[in-house]
Amino acid sequence: MSSAFQDRKNVTAAGIALAVWVLFTIAYLVAPLGDAGRPWISDGATLASSWSTAVLAFLLWKGYDPREPAKRIWLALMIGFALWSVGETIWAYYDILLGAEVPFPSIADLAWAVGYLPLWIALFMRYRSIGVRGGRGFWAALAVVGLIGVLVLRYILWPIVTYPGSERLIEKFLTVLYPVGDLILLLLAVMVSIALRGGRLSSAWQLIAAGMAVLGAADLLFVYADWNEIYITEGSPNLITFLADVPYVGAYLIIAVGEYVQARLEETV
Amino acid sequence: MNDAHDEPALDRPALLFTDERGLVVLMEDVLAKTLGFETPDGALGDSLGSVLGLSSNEAGEYLSEIASKGQMTYRSIQAVHRRSKDSLSFLISGTADYGGGRFIGADITLTPPSFSLPSGYFNHRAHLERMADMVRARVKAGSASLISGEKELELWTYLAARMLAIYVLLTRMGGRRVGEALEERVRRLAEKRKWALEMRAGRIDLHQAGLNPEGLAELMKEAVDYAIKVTSLRLVNKELDELDSGFDDATLQVATRYALRS
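Which chain is which? The protein sequence lines are A and B, in order. At position 59 of the first sequence the residue is numbered 65 (my numbering), and the sequence of numbers has no breaks. At position 226 of the second sequence the residue is numbered 610 (my numbering), and the sequence of numbers has no breaks.
Take the hints with a grain of salt, since some may be wrong.
Unchecked claim - Keeping only pairs whose Cα atoms sit at most 20 angstroms apart, straight-line, the calculated EDC-like set for lysine to aspartate or glutamate is: (1) A/Lys77 x B/Glu568; (2) B/Lys613 x A/Glu273; (3) B/Lys613 x B/Glu568; (4) B/Lys605 x A/Glu74.
In case anyone wonders, no lab produced these hints; they're calculated from the structure.
Sequences and hints are given; from them, build the entire structure.
If you want it as structure tokens, here you go:
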């Protein structure tokens with residue numbers, strides 16, 4: 007990944023992303039506009055970072071020739087990130103403008119859930135296009151992600167799925183879909199970066215995989231906190247709310263930096 | 385001075401290509417022999433320092449200079465013969481190769497101290513021309529000479545040089561396993577078409593005559609399509625266009641006619 011930062015513009019992009027994330031974290035903690043202003047800060051940073059992933063995917067898609075497989079791959083990534091950004095926008099609308107508790111499920115969940123499909127397809131297509139067979143790194147990644155999956159399923163998702171309460175099926179489905187969807191994304195992104203290991207192209211995908219990992223962890227914490235009713239939407243956030251919200255923005259920013267590194271390699275930006 | 389008497393001494397400049405981390409992705413056969421490797425493949429994946437017997441600091445300094453300045457002019461080095469541990473004097477120089485404007489690897493030239501390089505030597509295009517020369521010499525000396533006629537030989541040389549350039553680009557951009565995946569694709573195609581050829585460390589070896597121009601075109605298409613899948617059309621075209629500068633117009637016209645280039 008360090009090779010990506012031999013390029014000064016990549017360093018600048020990573021520096022801007024880090025500065026945005028640090029400023030957001032400080033603003034989130036200090037809440038300079040008071041507790042009522044915290045959702046504006048949180049949702050504003052989430053919207054800016056999520057849309058940046060969609061815009062960069064669009065620029066990459068635009069830069070490829072229609073004959074290139076990469077054109078289809080970045081089209082799917084663009085659709086996926088755009089759907090997630092739409093989800094974030096709808097969530098922000100509920101949270102800030104309506105000032106009401108966000109319903110679950112809502113149209114935002116539809117956008118997020120559907121968004122997984124093109125992202126899975128894009129990463130799988132990218133892995134297939136490289137055409138490199140398994141290898142030790144691949145199986146090690148599969149084993150680690152599998153182990154994480156088993157632990158998540160056993161200790162976080164299973165109690166939710168088997169809880170004999172009044173949760174509707176769709177709610178349970180979405181609660182399980184997000185972490186599982188993130189794990190699949192993480193696995194695919196890791197597979198791509200392992201397949202390209204040692205080459206100039208791997209750094210962009212390593213960053214994207216790192217962003218997916220952080221996103222998965224943040225989603226998981228949200229699911230856990232929300233289920234246990236310790237996620238706070240109003241007032242001062244507790245530790246678990248902080249740990250779910252702040253890395254979430256960071257994840258989008260890391261993915262955006264990965265896309266930027268790829269775009270620089272392709273001279274799209 | 386070459387003290388390793390059982391190995392050929394370098395009497396001309398020889399090329400060695402690395403990826404961005406300084407790991408060797410291709411080395412000329414004569415250089416491999418001079419340094420004491422059994423085969424040119426023996427050095428693949430090793431660091432520049434280890435291949436030349438230099439300290440990692442010294443090799444790292446050269447690579448940093450090439451990466452940051454785009455080129456490094458002559459420096460005197462004492463390489464070490466792999467087996468005899470004898471000292472070998474060379475002048476080392478190098479240029480950076482860029483993919484999408486980013487440093488993707490170094491083209492290193494090792495020159496005997498008595499040899500002077502022509503002006504304008506220090507660029508990637510010149511190295512690709514030399515790559516074509518290297519393949520030409522190899523094809524003429526090897527089994528592929530069974531192909532009849534100078535034109536066919538030149539066509540075959542053109543294909544082999546393109547395959548080598550694609551291999552180097554893929555290894556630099558996608559890593560060593562992607563280079564191996566290209567070889568695997570070539571092997572599968574050769575098996576399917578019953579061609580007696582193989583690709584090892586980027587080098588195409590034809591064991592018998594009989595690969596017609598349509599076969600060459602199919603082989604070329606397989607490699608180019610794969611390179612575009614892994615990298616991009618822009619990068620592949622740039623690399624191959626630069627390689628074309630090493631061939632005369634007549635060869636390029638024949639290559640176009642037989643669909644070896646677009």
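Pair hint B/Lys605 and A/Glu74, alpha-carbon separation not exceeding 20 angstroms: Holds: B/Lys605 and A/Glu74 sit about 14 angstroms apart, inside 20 angstroms.
Does the structure keep B/Lys613 and B/Glu568 at a Cα separation of 20 angstroms or less? 15 angstroms, holds
With the threshold set at 20 angstroms, check whether the alpha-carbon distance from A/Lys77 to B/Glu568 stays at or below it. At roughly 25 angstroms apart (the allowed maximum being 20 angstroms), B/Glu568 and A/Lys77 break the hint.
B/Lys613 and A/Glu273 were given as a pair; does the straight-line alpha-carbon distance stay at or below 20 angstroms? Given that 20 angstroms is the threshold and the Cα spacing comes to 17 angstroms, the pair holds.
Checked against the numbered hints given earlier, the structure breaks only hint 1 and satisfies all the rest.
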